[in-house]
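Here the protein sequences come in this chain order: A and B. Just so you know, we're using this note's numbering here: the first sequence kicks off at 1 and counts up by one. Just so you know, we're using this note's numbering here: the second sequence kicks off at 1 and counts up by one.
Hints were generated in silico from the structure; no laboratory data involved. This structure is a prediction, so every number in the text was calculated from the model and none was measured. Some hints could be false.
One copy or two, either will do: identical chains are not told apart, so a pair holds if it fits within one copy or between any two.
Here are the simulated lysine-lysine pairs, DSSO-like style, with alpha carbons at most 30 Å apart [to be verified]:
#1 LYS204 with LYS235
#2 LYS226 with LYS204
#3 LYS278 with LYS204
#4 LYS255 with LYS279
#5 LYS235 with LYS99
#6 LYS70 with LYS279
#7 LYS235 with LYS278
#8 LYS2 with LYS235
#9 LYS279 with LYS204
#10 LYS279 with LYS235
#11 LYS163 with LYS96
#12 LYS235 with LYS163
#13 LYS2 with LYS204
#14 LYS2 with LYS70
#15 LYS235 with LYS134
#16 LYS226 with LYS70
Protein chains: 2
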Amino acid sequence: MKHTVAFQGELGAFSQVAASQLASSCTPVPLPTFDQVFESVANGKCETAVIPIENTLHGSVHENYDHLLKYDLPILGETFVRIVHNLIVLPGVKMKQIKRVFSHPVALNQCRHFFEANPAFERTPFYDTAGSVKMLMEQGLRDAGAIASAAAAEIYGADILRKSIEDDRENFTRFFLLKRRSSRKTAARIPGTRYKTSVVFTLKNTPGALFTALSTLALRELDLTKIESRPLRGKPWDYLFYVDFVGHTADQNTKNALNHLAERAEMLRVLGCYPAAKK
Amino acid sequence: MKHTVAFQGELGAFSQVAASQLASSCTPVPLPTFDQVFESVANGKCETAVIPIENTLHGSVHENYDHLLKYDLPILGETFVRIVHNLIVLPGVKMKQIKRVFSHPVALNQCRHFFEANPAFERTPFYDTAGSVKMLMEQGLRDAGAIASAAAAEIYGADILRKSIEDDRENFTRFFLLKRRSSRKTAARIPGTRYKTSVVFTLKNTPGALFTALSTLALRELDLTKIESRPLRGKPWDYLFYVDFVGHTADQNTKNALNHLAERAEMLRVLGCYPAAKK
Chain A
1 MKHTVAFQGE LGAFSQVAAS QLASSCTPVP LPTFDQVFES VANGKCETAV IPIENTLHGS
61 VHENYDHLLK YDLPILGETF VRIVHNLIVL PGVKMKQIKR VFSHPVALNQ CRHFFEANPA
121 FERTPFYDTA GSVKMLMEQG LRDAGAIASA AAAEIYGADI LRKSIEDDRE NFTRFFLLKR
181 RSSRKTAARI PGTRYKTSVV FTLKNTPGAL FTALSTLALR ELDLTKIESR PLRGKPWDYL
241 FYVDFVGHTA DQNTKNALNH LAERAEMLRV LGCYPAAKK
Chain B
1 MKHTVAFQGE LGAFSQVAAS QLASSCTPVP LPTFDQVFES VANGKCETAV IPIENTLHGS
61 VHENYDHLLK YDLPILGETF VRIVHNLIVL PGVKMKQIKR VFSHPVALNQ CRHFFEANPA
121 FERTPFYDTA GSVKMLMEQG LRDAGAIASA AAAEIYGADI LRKSIEDDRE NFTRFFLLKR
181 RSSRKTAARI PGTRYKTSVV FTLKNTPGAL FTALSTLALR ELDLTKIESR PLRGKPWDYL
241 FYVDFVGHTA DQNTKNALNH LAERAEMLRV LGCYPAAKK
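Produce the complete structure using the sequences and hints provided.
And the structure:
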């Protein structure tokens with residue numbers, strides 16, 4: 001039986017591109033919301049999930065940080081996807097036929113130069129990038145285009161009329177691969193591979209608390225790669241800190257750091273340990 | 001001539017409640033977007049603005065962190081507003097007449113217990129909390145209610161039928177008061193008052209960089225109250241750090257810390273120094 005990987009969006013979404021990098025042998029299962037993606041793994045309907053966690057233009061996907069804490073699904077992998085937007089049309093449609101261009105508002109906003117160069121095109125917000133290609137094909141619209149991934153064009157049998165029409169090429173999204181905690185095994189450590197560990201913790205609201213918490217990593221030369229703070233519900237103006245650093249939980253140095261951090265933290269949870277993706 | 005204070009939303013929005021605390025002598029100027037609020041002060045149409053920066057349930061208003069950097073308007077004050085949601089109706093309307101309840105989706109979501117207790121009420125998403133009260137009054141709807149602030153009920157002459165229907169009372173929003181940089185004067189320091197300083201900085205992407213940056217505050221016993229990271233455009237996986245700490249820029253201790261931080265930072269900007277609001 002083939003395994004499944006849940007992701008948010010329609011078939012052809014950038015999350016599916018990430019899923020093909022992180023779980024290529026799994027059948028992709030598109031779901032409407034991030035909540036449903038986490039739920040599908042928690043309740044065992046899907047074996048794995050792929051979620052976006054941060055983007056180099058828009059920042060963290062804060063909702064997913066909150067879900068990581070709530071659902072407690074371990075992170076088993078990460079990958080980066082360059083967000084390349086394409087103008088996609090029904091087979092044979094030419095530029096001069098296009099009146100409207102559909103896509104998610106964020107994607108429309110990331111292709112401003114393209115719309116400035118083609119002022120006759122009406123920007124039409126749609127709920128999803130790949131979903132806009134699906135809709136074009138289903139409705140047989142020959143006076144419209146959609147902005148989405150190359151994967152979406154392929155899946156729905158549409159044509160790419162203009163490649164890479166995004167303004168900013170430095171547009172990357174980082175994705176996590178998640179599994180059920182019950183199915184967790186300590187990842188076999190591959191020598192020569194760089195690993196990251198992700199943790200979440202809370203601290204007493206005292207002066208220097210965050211500095212002291214970070215000292216448990218810095219004084220052991222563990223490289224912090226990302227810090228994110230989120231509000232702690234029920235304790236106004238206290239925060240949860242999500243930290244990623246380079247290290248494997250089986251390393252003595254990392255074990256010592258986590259023990260030291262546990263001494264300083266009110267709550268500490270390891271969210272996962274996984275091979276660092278190449279940038 | 002009376003001064004003006006710009007805010008996002010309709011008259012009666014929670015931002016106007018904050019404006020009445022931070023700039024009570026100014027005439028409130030409602031505007032549709034945060035961008036327009038910053039723009040109105042930058043181009044001199046309004047003297048001041050009040051913007052939400054973080055909420056204890058939803059976290060930071062990340063868009064406004066980006067605007068603080070872009071528009072460079074100094075922060076001159078902060079305040080906290082407890083978010084109290086009320087069921088608001090046309091004068092004389094009773095509970096049993098209500099079929100639909102309008103409000104911003106976030107406000108509807110924050111009153112789930114109320115809707116569970118009143119299952120006949122249809123939740124109807126609207127673009128704004130105070131705007132839903134305005135619309136009820138303009139259209140004379142007697143079979144509907146709106147969820148908004150007490151200020152909105154007063155401004156539009158509507159009735160509060162149920163007070164404080166939000167699920168979670170620990171729901172606070174922190175707001176900043178902004179002014180044009182050209183009109184900036186060093187705030188006269190009131191003895192016995194606690195001040196905060198807000199800064200934004202970038203660091204070289206080297207191990208221990210954030211730890212060393214925070215040491216400039218911690219080793220001088222300056223209390224960090226908030227840290228937020230945002231992506232740095234054009235440098236994938238590098239971050240801007242926004243930090244608030246207790247201290248006045250005229251204190252020698254704070255001056256030393258900022259000089260020390262400037263040594264470590266690639267970019268450092270002081271966003272403002274202002275009296276800390278009482279929690």
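Practice problem: Could you work out which earlier hints the structure fails to respect and list their numbers in ascending sequence? | Solution: Result: hints 5, 8, 13 and 15 break, sorted rising.
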